[in-house]
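Based on the provided sequences and hints, a complete structural model is requested.
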Amino acid sequence: MIPRLVSAKDSLRQQIGALTRRLTALNFQGHVETDDGARTVASTDNSIYQIKPAAILYPRGANDLKVIAATISEPAFSDLAITPRGGGTGTNGQSLTSGIVIDCSRHMDRILEIDPVRRIARVEAGVVKDQLNKALKPYGLFFAPELSTSNRATIGGMISTDACGQGSCLYGKTSNHVLGLRVVLSDGSDWWSRPLAETELEEIKTRKDRIGEIHRVVDAIARDKSELIAATFPKLNRYITGYDLAHIRHDDGRFDLNAVLCGSEGTLAMIAEAELNVLPIPAQSALINIRYDNFNAALEDARRLVALKVASVETVDEKVLGLAKGDIVWTGIAHFFPEDASGAANGINIVEVLADDGHELERKLADVTTALDNSSSARHKGYTVARERAEIEAIWSMRKRAVGLLGNVEGPVRPVPFVEDTAVPPEHLAAYISEFRALLDAEGLDYGMFGHVDAGVLHVRPALDLTRADHQPLVRKISDGVVALTRKYGGVLWGEHGKGVRSEYVPAYFGDLYPSLQEIKRAFDPGDRLNPGKIASGSSRSLLKIDEVSLRGDFDRVIGNDIRAAFDNAAYCNGNGACFDFDATSPMCPSFKATGDRRYSPKGRAALMREWLHLLAERRVDPRHEAEVLRRTNPLGNLLRRAVNSLNPTNRDDFSHEVRAAMDTCLACKACAGQCPVKVSVPAFRSKFLELYYGRYLRPLKDPIVAAIETTLPQMARFRPAYNLMTGSRTGQTLLRLAGLTALPTMPAISLEREAGRLGVRIATPEHLQKLSSEERARAVVIIADVFSAHFDPAVVLAALKLVLRMGFKPWLAMSQSNGKALHVHGYLGRFERAAGKSRAYLDRISQTGIPLVGIDPSMTLTYRSEYAALPSARLQAPVLLLQEWLAANLDRLPPPRALPQERFTLLAHCTERTNAPAALKQWSALFGKLGIKLDMADVGCCGMAGTFGHELRNRAISEKLYAMSWQDKIAEHGNQTVVMATGFSCRSQVAKIDRQTIQHPVEILDRLIA
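If you read the sequence shown in the working numbering, its first letter stands for residue 11, the second for the next number, and so on.
Just so you know, the hints here were simulated from the structure itself, not pulled from any lab data.
Errors might be hidden in some of the hints.
List of simulated lysine-lysine pairs, PhoX-like, C-alpha gap at most 20 angstroms [to be verified]:
1. 487 x 391
2. 335 x 391
3. 781 x 820
4. 712 x 698
As the structure is a prediction and not an experimental result, all values here were calculated from the model.
Okay, here's the thing in structure tokens:
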């Protein structure tokens, strides 16, 4: 039995309690989180560092920011530092603090105004870039600065780091598009910073308040130090941002304080709102995807491509390319990067071409392809051209995922960020990279490289294990070496991702100008309260140093590599934050989308799990051993102890409760297992946690009921009227709610086994199948009907059997076997292993006959590929195919339709299917295409049911909210010459419960069309 786990008490606990009460008294409308779980999740970003904050504040607007500033200005809180935080994906610890985090992403996410005539958008700081662009798209506009984290990066965070990425040579940085900033200073001053004419500036400088002082100081430095500023700031596309004195004056002479604020990383002010310049969406675009034998050849060719005046050139090395081939996105783009007789490409350039019309696009493409085809300068293996918007977006998605993909390697030595955004003049890039690689090669390190070569920016992540004593010093050694290299080639260390902990190099870089940066810091923030230790110090406090800030590796060393490896990448989450995707139609992560709570995301749950493992390790408890002991123990034997632990008030502060609360909201949809670049699999480590948690505490009543559903359902089918009365009557529903269950489906009168018998379909026993001749086996297929499909939706199974018969095959129906998925989801891992072993024994005997196995429900079928595959005792000899996989493999046997239907057909795929078997969706398209029907794939997220999740009373509100976010509108289209289908049984159940509509499985439609 695992022990009670308690984190070390924070020294600021009493002060934070007083702060919370004071904020409430001053009418703070947001909320405060001080529990260990929330603070643990906020203690990391996408960097190598880890610092636990004292509290997190979630303001609801500018007034709340003013309340925060007023409160921390009081003497009782004068020693508290505050640090704004955006999407939490910084690579250099910009938003990490031991003080108070100000997180604007949860509530301050409103788009306040869009003026399509003036091409201006006004937004709150927590608005996500892609969220803004989705709202701008109907006007034909977009917010131009591009970055790989665009689906979770907040505008406030982009401004704070002056973010940019692909296409910066054309569109510049975030600061190039900021027209105005509403900021709140540390004294509570609320100010709209906009470019000022000289007369306006002089008037503001006469003010006697903080605003006047700031303008006086910045203007004096810009004037008095103009020559030093010009000599210090490099003339780069990726010019130095944050305290950017080189751009304080516009070409027209206007004074713009935003040049100082953009890139200041929350050290000068809190951003409340931003007024942004937006641009017309390019009318035409295309990508030329060029393959090379090696990365160096790609780099050398990139300079020639840039000279052709293309919009952007992105280069990717063989390491990243190899990882991309194992990622979910590769299925959709593989044909753009074909392998030829000489082998796979070991480097690529992605060249973007933009135009106002089709003729101009073709002319520009011809210019590039002609140059590529010129035999005298050909250095490549070949190229392809992508013209369709969906294809272009898919290729860019691969490039955007590159940062996360570098973390998707086996073992503790993994690429980490600390020198990953250097920038040098593009003409020096090849020589610079050569020396950079030599530096890493000299240390015997592996690494991945990609970057914006047109801007001279290179992303490099050396592979280190920062739990190792010999690897930690390399952070200093490599950083110092790279700083020297960037100076040698006229570049900068901080080309794209901000300074953060790397601020220690600021004084040496700025030299005689650094005291001026300190003066600016003091003018804005005299008390050095805003994100202290970053960029410039306004007090005697020193800047942070890269080897004096606590590392994740220090924390992970206590856990140990064996334990880290045993918990499904939870401890290897690199904080990339792909699971924070704002888009409701993206499968990952539904619980985060519904709640906005970062604890309820794969990154959040991984952080909590990692902390839990750390606390166990400190107590010298091996969770693997505890699980083995637990499985050998009769659960009734320790019932009394679990009851005492559950009732004992001493256990209320057990950190395990916070972990369990986060796990409770997980839908176990496995979208993270498929979509997370690092393949963090929450359902896998969640089940391991729940097994141990409920070895100490009592389970809710619903758990044993749900866990037994596969074995009890066939028995309940014998008493179908009584079951339906229970689920359909008010009294029955009340009793179910008392047990923690709701929205259960009713059982139809159809008996699958009886109706299958009428079709001549027999039960597949190994003995029967072994007696078949080789010809009979070639025509045979075994259909595995999970208990839910068999008893709640037998019409789907019968349609599959009929379709198989129409195709000239002989279907057999698998014996009723417990798949065990519900057991796994709820952490009954001992029972799951036994059930899976029994099922494997039967299925392996079937597969030994050479007859294919085909499942019906995608979620249940894919359990054989993931949960079973993770157990040596349950790995199948042959795969269980998804229904569409088998049908597509026999596409030529599909009969033609009786008549071409007039309806439009739309498919809503199951989340697990979309993310863990992406090729399966194209197979459905191919099947309908064979009948002459174009199948529309609906872009939807999770329906909210997700197996048993939506049937649990505590989850029902989240379940229904998720359904409303993307499914409800699509289901509303059903019936008006549109046939909407869904592959998941749970999805169809959700539709029936909420919208009282019956939608069919695609196999039912196929069977009807060719009947």
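Practice prompt. Mind checking the alpha carbons of residue 712 and residue 698 for me, to see if they're no more than 20 angstroms apart?
Written response: Cα-Cα ~19 angstroms, so holds.
Discussion item. Run the distance test for residue 781 versus residue 820: straight-line Cα separation, threshold 20 angstroms.
Written reply: The given pair, whose Cα atoms are some 14 angstroms apart, holds under the 20 angstroms limit.
Worksheet item: Is the Cα-Cα distance between residue 335 and residue 391 20 angstroms or less?
Response: The hint holds at about 18 angstroms.
Worksheet item: Is residue 487 within 20 angstroms of residue 391, Cα to Cα?
Response: Distance ~37 angstroms between residue 487 and residue 391 Cα, so the pair is violated.
Consistency note: the structure conflicts with earlier hint 1 alone.
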